[in-house]
Amino acid sequence: MTGSRTLTGIGSTPRTGVGTARWYRSAADLALPERPDPATVDPETERDRFASAREAAREGIRRARDRAAERVGEEEAAVFDAHEAFLDDPGLVDDVEGDIDDGTPAEHAVDDRFADAIERFEGMDGRMAERADDLRDVRDRLLRALLDAPAAADLSALPAGTVLLADRLTPSDTAELDPSAVAGIATVAGGRTSHAAIIARSLSIPAVVGVGEPLREVPDGAEVLVDGEAGEVVVDPDEDRRSAALAGEEASVVPEPVSTADGRPIEVAANVGSAAELPPAIDRGADGVGLFRTEFLFLDRESPPDETEQYEAVVAALEAFPKDRIVVRTLDVGGDKRVPYLDLPEEPNPFLGRRGIRLSLEEHADLFETQLRALLRAAARGGGGDGDRDRGGDGDAGDLAVMFPMVSRVEEVDAALDRVESVAADLADEGAAYAVPELGAMIETPAASYMADALAGRLDFLSVGTNDLAGYVMAADRENDGVADYHDPLHPAVLRAIDRTTRGAEETDAWVGMCGEMAGDPALTELLVGLGLDELSMSAVTVPAVKTRVREVDAAAARDLAEAALACETRAEVRDVLSLDG
Amino acid sequence: MEQIVEVVPAAGLHARPASKLVKTANRFDADLSIGRPDDGDDGLVRADSMLAVTGLNVAHGESVRVVAEGPEATAALDAIEALLTNPVENGDGEAGNGEDGNTEAGNGEDGK
Chain A
1 MTGSRTLTGI
11 GSTPRTGVGT
21 ARWYRSAADL
31 ALPERPDPAT
41 VDPETERDRF
51 ASAREAAREG
61 IRRARDRAAE
71 RVGEEEAAVF
81 DAHEAFLDDP
91 GLVDDVEGDI
101 DDGTPAEHAV
111 DDRFADAIER
121 FEGMDGRMAE
131 RADDLRDVRD
141 RLLRALLDAP
151 AAADLSALPA
161 GTVLLADRLT
171 PSDTAELDPS
181 AVAGIATVAG
191 GRTSHAAIIA
201 RSLSIPAVVG
211 VGEPLREVPD
221 GAEVLVDGEA
231 GEVVVDPDED
241 RRSAALAGEE
251 ASVVPEPVST
261 ADGRPIEVAA
271 NVGSAAELPP
281 AIDRGADGVG
291 LFRTEFLFLD
301 RESPPDETEQ
311 YEAVVAALEA
321 FPKDRIVVRT
331 LDVGGDKRVP
341 YLDLPEEPNP
351 FLGRRGIRLS
361 LEEHADLFET
371 QLRALLRAAA
381 RGGGGDGDRD
391 RGGDGDAGDL
401 AVMFPMVSRV
411 EEVDAALDRV
421 ESVAADLADE
431 GAAYAVPELG
441 AMIETPAASY
451 MADALAGRLD
461 FLSVGTNDLA
471 GYVMAADREN
481 DGVADYHDPL
491 HPAVLRAIDR
501 TTRGAEETDA
511 WVGMCGEMAG
521 DPALTELLVG
531 LGLDELSMSA
541 VTVPAVKTRV
551 REVDAAAARD
561 LAEAALACET
571 RAEVRDVLSL
581 DG
Chain B
1 MEQIVEVVPA
11 AGLHARPASK
21 LVKTANRFDA
31 DLSIGRPDDG
41 DDGLVRADSM
51 LAVTGLNVAH
61 GESVRVVAEG
71 PEATAALDAI
81 EALLTNPVEN
91 GDGEAGNGED
101 GNTEAGNGED
111 GK
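Protein chains in written order, with the numbering used here: chain A, 1 to 582; chain B, 1 to 112.
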């Protein structure tokens, strides 16, 4: 085949997809009617039209918010609060109504005034340019309502194998995408942190953003390959490129469990923060879930979820991975994670304050009990907590494991185990079906790493949360750019804390996993195998690369590498040992 | 009355913290305005306007001057101080891999 054309942009999800191009045109393309003579405009009518359009837009924003919360996560959903605030902006509303009173029809007044605001924001830096996207989104909702135009395209009902091409995608657009139908996304504008890029990554959709004007020449219906690794969009790809890309994609996904070259099994699981992240985790071949965050069930609502709601969410995850294990983390709020109705204390130093298991054992003992009840009941659906993986899978659901966040004292684990026991006794009294799942602790504090032997002796597993562990070991906040250099798990001190954890568990039957960012970096897989980790849990998108890497690693050689890294005194030496640049 | 407050949420006065500020400003019977301390009265904008507040482009760690007038000025100032000095609810400490949307979403919207 000839005529293959390659366009370059910014690769944002490192996957490749091929499909049929379909342009998504936003309401920005809506044609406004010609401006009438101001004398013929009735301001009263126009004000009413504007008011009803605002109500329609408000309803749409709230629906989009709910949908995003459900499908993508609370962080992405929060952007719609900003949309509602823009919709209610008193300055903007006054300006539009002023124009209306001067004889401008509502749609022109909206278009003009939003154009001014969008232009102001566009001229500013990256984050402000995102606000321009927000304003466009709100304007489009108003215009669609005023012009009685249908929603621009039903993004939730695209035919399978669509490569979505767009100028840019707004938060509302991206929240609606059906990830199973979208083979890829390419946009004219936008960077790696644009909404389109963020959502595409969290749903593992191949994406290239910021391709620029040449993308516009790609016609609807063309066959397009989106290579998010190379940052390329190939129009009419030749057969070689096509099959190479698809073969690479298929080969890269390793659905079965993997072992090192010399036969040591390493479980490669996915971190999951909402129900919408389960399907991509399955598609990427994850061996279950190594960190199932439960916070999404609690955020942005007026009261905590009840037992049934929590039970159902966990059972859904277990059913998604009938042959694997799902490690659910009990509620981890506090620190920087706030939940309004939980009435958390004001603390001068929340990262060193009441968070995680500390809250669950005291202030939130009731929530903890409800959560444990839901979890023990859900565990009855899976293989139960005999500590063995039930890979053969006799039931319809995977095995549950439960871990406690922010552990720093052995007493906390003893208390948590007591709670589990008493919840189990209650459920037995009630005649409810339940099972005690595998129980574990997150190793996020230096204290927990020092006490790993005692913790492992009491529990079925430990899971190293490297982001917090690096923060606490190095005394560095990862949000603080001023200490970004300190917050790195490759500092020898952090490696030694991990090593202490795995060695602490060595004498026990407990397995040790890792669920921080470090686990998802294939360049570190050999080191982590050498440090004695049994399980690595990461963002679904990196599962194939890590699985592939595990198979190449020799566990004995990995141990030597880890010993060499542990002997280092500086991060530079560690990087040198690992042959990493810089 | 007025007050100088440091903006603690890592997102600065954007996205969620900004929409919360606007909501709070609307809740009280008071006229609230906000600006950079060095910009004087000319730099003050209305705190109940999302456009105006985000237009200030205030980053995490910067201080803002909040001016309140009206019957509920004191309560409004207190509420705004509480909001600006509170790290906003956030994503997750273990937000998956760096390539992951969670982390980036945090950067863009929520101050990760």
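There could be a bad hint or two in this list.
What the hints assert, rightly or not - Distance windows between CB atoms, simulated: (1) B:Lys23 <-> A:Asp262: 56 to 64 Å; (2) B:Ala59 <-> A:Leu32: 45 to 53 Å; (3) B:Val8 <-> A:Thr20: 43 to 51 Å; (4) B:Ala59 <-> A:Val410: 49 to 57 Å; (5) A:Ala365 <-> B:Lys23: 40 to 48 Å; (6) B:Gly43 <-> A:Glu229: 25 to 33 Å; (7) B:Gly43 <-> A:Asp66: 47 to 55 Å; (8) B:Gly43 <-> A:Ala230: 41 to 49 Å.
Quick caveat, the hints were computed from the structure, so don't treat them as lab data.
Quick caveat: nothing in here was measured; it's all calculated off a predicted structure.
Glycine included, C-beta positions come from ideal geometry on N, C-alpha and C.
Going through the hints against the structure:
| no. | hint | in the structure |
| --- | --- | --- |
| 1 | B:Lys23 <-> A:Asp262: 56 to 64 Å | 59 Å, holds |
| 2 | B:Ala59 <-> A:Leu32: 45 to 53 Å | 37 Å, violated |
| 3 | B:Val8 <-> A:Thr20: 43 to 51 Å | 48 Å, holds |
| 4 | B:Ala59 <-> A:Val410: 49 to 57 Å | 42 Å, violated |
| 5 | A:Ala365 <-> B:Lys23: 40 to 48 Å | 32 Å, violated |
| 6 | B:Gly43 <-> A:Glu229: 25 to 33 Å | 46 Å, violated |
| 7 | B:Gly43 <-> A:Asp66: 47 to 55 Å | 38 Å, violated |
| 8 | B:Gly43 <-> A:Ala230: 41 to 49 Å | 46 Å, holds |
Hint compliance for this structure: hints 2, 4, 5, 6, 7 are not met, and every other hint is.
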